[in-house]
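Protein chains in written order, with my numbering: chain A, 1 to 291; chain B, 292 to 435.
One or more hints might be untrue.
To be verified - For lysine-lysine, the following DSSO-like pairs were computed, each having C-alpha atoms within a straight-line distance of at most 30 Å: (1) B:Lys-297 / A:Lys-207; (2) B:Lys-434 / B:Lys-419; (3) A:Lys-207 / B:Lys-434; (4) A:Lys-207 / B:Lys-358.
Stated by the list, open to error - Distance windows between CB atoms, simulated: (5) B:Lys-429 / A:Ile-237: 52 to 60 Å; (6) A:Phe-260 / B:Glu-385: 43 to 51 Å; (7) B:Thr-395 / A:Gln-36: 35 to 43 Å; (8) A:Phe-14 / B:Glu-351: 49 to 57 Å; (9) B:Arg-432 / A:Ile-2: 41 to 49 Å; (10) B:Thr-395 / A:Ile-15: 47 to 55 Å; (11) A:Met-35 / B:Val-356: 29 to 37 Å; (12) A:Ser-156 / B:Val-418: 53 to 61 Å; (13) A:Glu-195 / B:Val-356: 12 to 20 Å; (14) A:Gln-60 / B:Val-356: 22 to 30 Å.
Read the hints as simulated data drawn from the structure, not as lab findings. Built from N, CA and C at the ideal position, the CB exists for glycine as well.
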Amino acid sequence: MIIMTYILKAIVIFIVAPLVGGLLSGIDRIISARMQGRVGPPVLQPFYDVLKLFQKESIQVNRMHRFFVYISMFFIIFTTEIILLGGDILLAMFSLTLGSIFFVLGGYAANSSYSFIGSERELLQMMAYEPMVLLVGAGLYYANGSFFIKNIATASVPAIVYLPGIFIGLVFILTFKLRKSPFDLSMSHHGAHQEIVQGITTEYSGKELAVIQITHWFETIFALSLVYVFFITKNPISHVFAITACILIYLFEIIVDNAFARVKWQMALKSSWIVTGVLATVNLVVISFFR
Amino acid sequence: MNFSKKSPWILHYDGTSCNGCDIEVLACLTPLYDVERFGIVNTGNPKHADILLITGSVNEQNIPVIKQLFEQMAEPKVVVAVGICATSGGIFAECYNVCGGVDTVLPVDVYVPGCAARPESIIDGVVKALGILEERQKTARKKK
Chain A
1 MIIMTYILKA IVIFIVAPLV GGLLSGIDRI ISARMQGRVG PPVLQPFYDV LKLFQKESIQ
61 VNRMHRFFVY ISMFFIIFTT EIILLGGDIL LAMFSLTLGS IFFVLGGYAA NSSYSFIGSE
121 RELLQMMAYE PMVLLVGAGL YYANGSFFIK NIATASVPAI VYLPGIFIGL VFILTFKLRK
181 SPFDLSMSHH GAHQEIVQGI TTEYSGKELA VIQITHWFET IFALSLVYVF FITKNPISHV
241 FAITACILIY LFEIIVDNAF ARVKWQMALK SSWIVTGVLA TVNLVVISFF R
Chain B
292 MNFSKKSPWI LHYDGTSCNG CDIEVLACLT PLYDVERFGI VNTGNPKHAD ILLITGSVNE
352 QNIPVIKQLF EQMAEPKVVV AVGICATSGG IFAECYNVCG GVDTVLPVDV YVPGCAARPE
412 SIIDGVVKAL GILEERQKTA RKKK
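Same shape as in the complex, but just chain A:
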């Protein structure tokens, strides 16, 4: 019976998560357009884009090039499922890394100079955000004594009280994960012109590009669920706060996206490591003294 409910939940997440992710991306495009004094596309535009891409021809550069995209999507979906089913946060983070690595390999497999540079930048981005992601896991463990989301969800005090530094660090690196300016080095969304064309996605077309979009929707949900974890307690009202926090953080990321130009990779790496090194480490040191 328990297994059945788990499978049911997993199926619901598999269907609902990309729908919510796509809607968020549509809202993102409208808000960005309004900030620039434009009307913007309809809310469902990301879905139209993906459905159109499914109808288009897929140009095959080579077989591995396409294969890596599907593997990457598999691991990102796995990550999202683990987090939303209340599983082990460490396992989720490792499978997230695996998913990102396969995406990078796909970029390398294309043998195109643009996607090659995109892949290298993606690796640099991973170097920039990975330490912080791991420290989020460590911090949540210090605060609640468990790596399992379902145990963290039964805490009496929300994790944000113990981990304000780590939370700010997480918001900082969310810019990488959501592929927003100033840290959208490896690829840019919505056709913004870039010095490396479309970076890592340059050589993808048709179905594979659609799959990359859907993977990104799952990633968005994963990133926001990490924010969510910081606010939940056993009190049901805390979920309202958590959702509000997610919405506010997403709005903040959109504002940052529109307000900043892309930085060089040196700056991206340095700034995120400084934030990780100072805020997250100090937070961990303090919490290990006082608990």
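Once you have looked at the hints, place chain B on chain A.
For chain B alone, kept in the frame of chain A given last:
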């Protein structure tokens, strides 16, 4: 359901243009015209694009470039020639290096005349191209 009409992605290529039409093409993206309302995105990548928008006439040097861009685009695809130079060579038609309009190299589907073509007529041309794109999609699916 056909979705190519709802999210046309455009690749803009500047041939031997005087940049008049290019500025009008970019004007379509500004708040006044805002073509993103219709899901139109200006991609810089032929593999992502549905519509190839060419401004300016064709000369000997950009023939291979235009051909390669067209070949790299995924089916279904359409070509729109924007401005009088792209449709027939315009005032540059007699130049020693100019071959003429885009149709000397590629099968052009929609001609948008004007010097420079106004943003309204460019949007009109793209909308016309969308109808052709939809037809192509249907015939491609029948072939399958």
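The hints, checked one at a time:
With a C-alpha separation of about 17 Å, the suggested pair Lys-297 (chain B) and Lys-207 (chain A) falls inside the 30 Å cut-off, and the hint holds. For the hint pairing Lys-434 (chain B) with Lys-419 (chain B), the CA-to-CA distance comes to about 23 Å; that is within 30 Å, so the pair holds. A distance of roughly 19 Å separates the Cα atoms of Lys-207 (chain A) and Lys-434 (chain B); the hinted pair therefore holds under the 30 Å criterion. With a CA separation close to 24 Å, the supplied pair Lys-207 (chain A) and Lys-358 (chain B) stays within the 30 Å bound.
One distance hint, 52 to 60 Å for the beta-carbon pair Lys-429 (chain B) and Ile-237 (chain A), holds here, with the actual separation near 53 Å. Checked against the hint of 43 to 51 Å, the C-beta distance between Phe-260 (chain A) and Glu-385 (chain B) comes to roughly 49 Å, which is consistent with it. Checking the proposed 35 to 43 Å range against Thr-395 (chain B) and Gln-36 (chain A) shows it holds: the Cβ atoms sit about 38 Å from each other. Distance hint for Phe-14 (chain A) and Glu-351 (chain B): a CB-CB separation of about 54 Å, consistent with the stated range 49 to 57 Å.
For Arg-432 (chain B) and Ile-2 (chain A), the Cβ-Cβ distance of about 45 Å falls inside the hinted range of 41 to 49 Å, so the restraint holds. With their beta carbons about 51 Å apart, Thr-395 (chain B) and Ile-15 (chain A) fall inside the hinted range of 47 to 55 Å. The hinted range of 29 to 37 Å is satisfied by Met-35 (chain A) and Val-356 (chain B), whose Cβ atoms lie roughly 36 Å apart. A hinted range of 53 to 61 Å holds for the C-beta pair Ser-156 (chain A) and Val-418 (chain B), which are about 60 Å apart.
The beta-carbon spacing between Glu-195 (chain A) and Val-356 (chain B), approximately 19 Å, falls within the hinted interval of 12 to 20 Å. Separation of Gln-60 (chain A) from Val-356 (chain B) is about 23 Å and conforms to the stated range, judged on CB atoms against 22 to 30 Å.
In this structure, none of the earlier numbered hints is contradicted; all agree with it.
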